[in-house]
Amino acid sequence: MTAVSATPEALSVLDRPNSYIGKVVPRPNLERLMQGRGLYVSDMELPRMAHVVFLRSPHAHARIVGIDAAAARQMPGVIAIVTGEQLAAVITPWVGVLTHLKGLKSAPQHAIALDRVCWQGEAVAAVVATSRAVAEDAAEIVGVEYQELEAVTDMRTALDPQTPVIHPALGDNLAFERNLDAGAVDAAFASSDAIVEAEFVFGRHTGVTLEPRAVVADWNPAEARLTIYQGTQAPHMVQNIAALHLGLEEAQVRVVCKDVGGSFGIKVHIYADEMATYALSKLLRRPIKFVADRVESFNTDIHARDHRCKGRIGVKNDGTITAFEIDDLTGIGPYSMYPRTSAIEANQVVNLVGGPYMAKNYRARARVVFQNKNVMCQYRAVGHPIACSVTEGLVDLAASRIGMDPVEIRRRNLIADDAYPCASPSGLRFEQLSHHASINRLIGMMEYDALRAEQAALRRKNIHRGIGIASFIEVTNPSAAFYGVGGARISSQDGVAVRLDAQGSVICQTSITEQGQGSESLTAQIVGSVLGVSMARVRVILGDTDNTPYGGGTWASRGAGIGGEAALQAAKVLRKNVLDVAAAILQASPAELDIVNDAIVNADDGAVRIELRELARIVYFRPDTLPPGIQPELMATRHFVPREYPFAFTNGVQAAWIEVDTDTGFVRLLRHWVVEDCGTIINPQLVDEQIRGGVVQGLGAALFEKCIYDERGQLTNANMADYLVPMSGEMPDIDIGHVVSPTLETELGAKGAGEAGTAGAAAAVANAVNDALRPFGAIITEIPLTPQVILTALGRI
Amino acid sequence: MTTALPISLQVNGERIDAQVLPRLNLADFLREHLKLTGTHVGCEHGVCGACTVRVNGDIVRSCLMLAAQTHGVIIETIEGLSDSGEIADLQAAFRDRNALQCGFCTPGMLVAAQDLLLHDATPDRERIREHLSGNYCRCTGYQAIVDAVESTAHARMGSTP
Numbered sequence: 010m011t012a013v014s015a016t017p018e019a020l021s022v023l024d025r026p027n028s029y030i031g032k033v034v035p036r037p038n039l040e041r042l043m044q045g046r047g048l049y050v051s052d053m054e055l056p057r058m059a060h061v062v063f064l065r066s067p068h069a070h071a072r073i074v075g076i077d078a079a080a081a082r083q084m085p086g087v088i089a090i091v092t093g094e095q096l097a098a099v100i101t102p103w104v105g106v107l108t109h110l111k112g113l114k115s116a117p118q119h120a121i122a123l124d125r126v127c128w129q130g131e132a133v134a135a136v137v138a139t140s141r142a143v144a145e146d147a148a149e150i151v152g153v154e155y156q157e158l159e160a161v162t163d164m165r166t167a168l169d170p171q172t173p174v175i176h177p178a179l180g181d182n183l184a185f186e187r188n189l190d191a192g193a194v195d196a197a198f199a200s201s202d203a204i205v206e207a208e209f210v211f212g213r214h215t216g217v218t219l220e221p222r223a224v225v226a227d228w229n230p231a232e233a234r235l236t237i238y239q240g241t242q243a244p245h246m247v248q249n250i251a252a253l254h255l256g257l258e259e260a261q262v263r264v265v266c267k268d269v270g271g272s273f274g275i276k277v278h279i280y281a282d283e284m285a286t287y288a289l290s291k292l293l294r295r296p297i298k299f300v301a302d303r304v305e306s307f308n309t310d311i312h313a314r315d316h317r318c319k320g321r322i323g324v325k326n327d328g329t330i331t332a333f334e335i336d337d338l339t340g341i342g343p344y345s346m347y348p349r350t351s352a353i354e355a356n357q358v359v360n361l362v363g364g365p366y367m368a369k370n371y372r373a374r375a376r377v378v379f380q381n382k383n384v385m386c387q388y389r390a391v392g393h394p395i396a397c398s399v400t401e402g403l404v405d406l407a408a409s410r411i412g413m414d415p416v417e418i419r420r421r422n423l424i425a426d427d428a429y430p431c432a433s434p435s436g437l438r439f440e441q442l443s444h445h446a447s448i449n450r451l452i453g454m455m456e457y458d459a460l461r462a463e464q465a466a467l468r469r470k471n472i473h474r475g476i477g478i479a480s481f482i483e484v485t486n487p488s489a490a491f492y493g494v495g496g497a498r499i500s501s502q503d504g505v506a507v508r509l510d511a512q513g514s515v516i517c518q519t520s521i522t523e524q525g526q527g528s529e530s531l532t533a534q535i536v537g538s539v540l541g542v543s544m545a546r547v548r549v550i551l552g553d554t555d556n557t558p559y560g561g562g563t564w565a566s567r568g569a570g571i572g573g574e575a576a577l578q579a580a581k582v583l584r585k586n587v588l589d590v591a592a593a594i595l596q597a598s599p600a601e602l603d604i605v606n607d608a609i610v611n612a613d614d615g616a617v618r619i620e621l622r623e624l625a626r627i628v629y630f631r632p633d634t635l636p637p638g639i640q641p642e643l644m645a646t647r648h649f650v651p652r653e654y655p656f657a658f659t660n661g662v663q664a665a666w667i668e669v670d671t672d673t674g675f676v677r678l679l680r681h682w683v684v685e686d687c688g689t690i691i692n693p694q695l696v697d698e699q700i701r702g703g704v705v706q707g708l709g710a711a712l713f714e715k716c717i718y719d720e721r722g723q724l725t726n727a728n729m730a731d732y733l734v735p736m737s738g739e740m741p742d743i744d745i746g747h748v749v750s751p752t753l754e755t756e757l758g759a760k761g762a763g764e765a766g767t768a769g770a771a772a773a774v775a776n777a778v779n780d781a782l783r784p785f786g787a788i789i790t791e792i793p794l795t796p797q798v799i800l801t802a803l804g805r806i
Numbered sequence: 335m336t337t338a339l340p341i342s343l344q345v346n347g348e349r350i351d352a353q354v355l356p357r358l359n360l361a362d363f364l365r366e367h368l369k370l371t372g373t374h375v376g377c378e379h380g381v382c383g384a385c386t387v388r389v390n391g392d393i394v395r396s397c398l399m400l401a402a403q404t405h406g407v408i409i410e411t412i413e414g415l416s417d418s419g420e421i422a423d424l425q426a427a428f429r430d431r432n433a434l435q436c437g438f439c440t441p442g443m444l445v446a447a448q449d450l451l452l453h454d455a456t457p458d459r460e461r462i463r464e465h466l467s468g469n470y471c472r473c474t475g476y477q478a479i480v481d482a483v484e485s486t487a488h489a490r491m492g493s494t495p
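Sequences listed follow chains A and B, in order. When the letters of the first sequence are read in order and numbered with this note's numbering, they come out as residues 10 to 806. When the letters of the second sequence are read in order and numbered with this note's numbering, they come out as residues 335 to 495.
Check the hints yourself; a few may be wrong.
Here are the computed lysine to any residue pairs in the SDA-like style, where the Cα-Cα straight-line distance is at most 25 Å [claimed, not checked]:
no., chain 1, residue 1, chain 2, residue 2
1, B, K369, A, A142
2, B, K369, A, D146
3, B, K369, A, R295
4, A, K267, B, H367
5, A, K32, B, A426
6, B, K369, A, V143
7, B, K369, A, L55
8, A, K267, B, A426
9, B, K369, A, R41
10, B, K369, A, I88
11, A, K32, B, S485
12, A, K267, B, K369
13, A, K267, B, D430
14, B, K369, A, E54
15, A, K267, B, D417
Rather than coming from a laboratory, the hints here were simulated on the basis of the structure.
Model the full structure from these sequences, guided by the hints.
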């Protein structure tokens, strides 16, 4: 195609002059955040606003015998002390199940516990006062009498007959079980030259958003409307759920999402204390603010992972992988979370194990059990780190057993780059992946052979370094197959409205949300590029159910791929409308015109014909000068949802270069590499920073992060000093490369990138540690890889 | 114990007179009394660094200092350091490098980074990483922040004759 002969309409968004697609441009919203002029929910104040503090159970499992709040109610500044029973008059309970997860069961969960608490941290009463400090003072003198019950804490014994059933009406502690048997697994193992087995153990950890969960709920009885200011990833989902359980129409609920201090999946769920805050506002007829403190965050923000997965791999001496088999067990706390459920992670593990490889024989069982610990649900890269660590751990063990290099065994088994479209044994459909191009790129970037030589040389000096490789696939751009088909009112489509204002600038309203990923920037980049308008003249509005089209929000690596395509399509329509008006004003045909640098220009020679500012002036203020019959439409709305593929799978590969101090057990991260294929790259810097941030969250899981419960269900490290997260001093520089296989399902071609880093980082580090410890014959399949775990494996303690 | 104490101090160049309860910490005083919400509260026990401000020229975790201890001091918060232009180059480097995502840690990170650059004009990456180790960021993975601080140090050295 030649640019000269192409009409403007024939140019794709990627070809247009002055396109922002693929360019590094700064995010428009950074200045306010850097100057301390952002507006997080924790910053908000409203007239008559009161503060709620939740009195929370110190026990993992107990009957509430009585609550004595008489003295606390008398304290100056105390507005109300509300129990679960009182609040139940305003808000109905919920059950976190989805119909497409067959057999998933859970018990009704209330905003505040009624007569029994099921985890340490569950709210038993709400104390509402004029300030948080007063509410905390009052909470201290509320007397709650508990009768402690036996706590179910160990997922391995949760299904034993002698273990108490947490919810007797459910019959047992099994929330969900899925079994899969594809191909001929037994025959495949029988034909293998070697079979390797291991149990992989994953620590329970959490997201630790630096801004805790926060909500201001403002019920205005005079308007009969509830405005919820909340740091959420999914405003329309919150609107739907709040309305449903408060007995309101969705039109009576507005959800506003300002700046959000970190999300990572933590802020995409419906939490009991947030529901209680909405209900308290309705009950008390005034704005109520809830901001979790850090101890509450650790005890009530969803936890994730906490899997024990037995894995088995069969391999032939030529490196051919014959079969994978897993038996996964996970404990999710006492309730399946609402509305996305707590079975998704285990389900994803079943879906994803073995996913990068050609082997067609795969058997899996996953069981999800209840326990008296904090709730577990979807956190960044849901299931992927488990599946990747199990798969890549098994592949490395198989390679080691047959004496093959870890890169070589992958090259012999990864699905060929020309084999697409194809499907995995678990039924996942792949449009176009690039495992081989990616691993080749990675090997080049890290100078694999030189690194191996360095490793060998250092070993002779008693320095133990290791290389770990982890290939992965990632679920992005989810269609309705994720939640909608199971009955959840969580939109998989997104919408974007674009309009030209009276000075020729562009206002863009999108249903995706921003928590720092760059949603605002990528939307402006796409709209500016398609329209021919400079980014400085595009303003993006998001996070407000009253003022954006209906849509899903930002989660599951969907913002760019789905919301970005809606922005592209809306901008195309507006562009056509603008050119139609311009043609009428200029007595030309639309095909002769283009929009470049905020002006209508001749398509052939680029000469400026009329500025957009002047076009807008005519349309809005002098429509009388337009030819008869012309009604300009300088606003356009388009929605998009993937229909062809349930998920746009991406792929990538990571490598870690680490050193183990075999005396202290400490692991030093020296370098980390990632090659990722997320299709069209809208802003390379944003993609790379999403990947780096994701990698570091995966490194946290690999080395530090773990919610440590004792046998009575007490979380023993619920603070930032004892729960370790990655700090700048111990993180490595991370090199990132790309292979680009755009999805053909959209014109934009973008797939998601937000979770790729987290998906494979821990697997790469674990494989690297085992590589470093190979001379000692130690194999570790547990994370976090703490000094204690490593020294134990080395037999030193 | 519950009697308010009078304090008089300077915050971002403004004279402030206030009555504060002994238990009120500086972070809450800045946020709730002075409405300087750029100082963020992340952990409330001096670990995460989101509440970092400058007190008499030294960086302090404002959640670990009581408002009652600030009588007679000079405090600079992110709002003051932004308006004065003192860290404009550092902020520009953060913007160009996308060294922030959600931005919640950023005010504290900028205050801590400026402190390093005032005391060590040519820090290497390891020194930058070490100095910022008391400021948690959950979004970026730190590399972009280290890059931005490093490039600011280079630029400042380049502009010094």
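Hint-by-hint comparison with the structure:
1. B/K369 <-> A/A142: 17 Å, holds
2. B/K369 <-> A/D146: Distance ~23 Å between B/K369 and A/D146 Cα, so the pair holds.
3. B/K369 <-> A/R295: 22 Å, holds
4. A/K267 <-> B/H367: 22 Å, holds
5. A/K32 <-> B/A426: 18 Å, holds
6. B/K369 <-> A/V143: At roughly 19 Å apart (the allowed maximum being 25 Å), A/V143 and B/K369 satisfy the hint.
7. B/K369 <-> A/L55: 13 Å, holds
8. A/K267 <-> B/A426: Between A/K267 and B/A426 the Cα gap is close to 23 Å, so the pair holds against 25 Å.
9. B/K369 <-> A/R41: 16 Å, holds
10. B/K369 <-> A/I88: OK: B/K369 and A/I88 at ~24 Å, within 25 Å.
11. A/K32 <-> B/S485: Roughly 21 Å between the alpha carbons, so the hint for A/K32 and B/S485 holds.
12. A/K267 <-> B/K369: Measuring from Cα to Cα gives roughly 17 Å; hence the hint holds.
13. A/K267 <-> B/D430: Holds: A/K267 and B/D430 sit about 23 Å apart, inside 25 Å.
14. B/K369 <-> A/E54: Given pair B/K369, A/E54 holds - Cα atoms ~10 Å apart, limit 25 Å.
15. A/K267 <-> B/D417: 23 Å, holds
In this structure, every one of the numbered hints holds.
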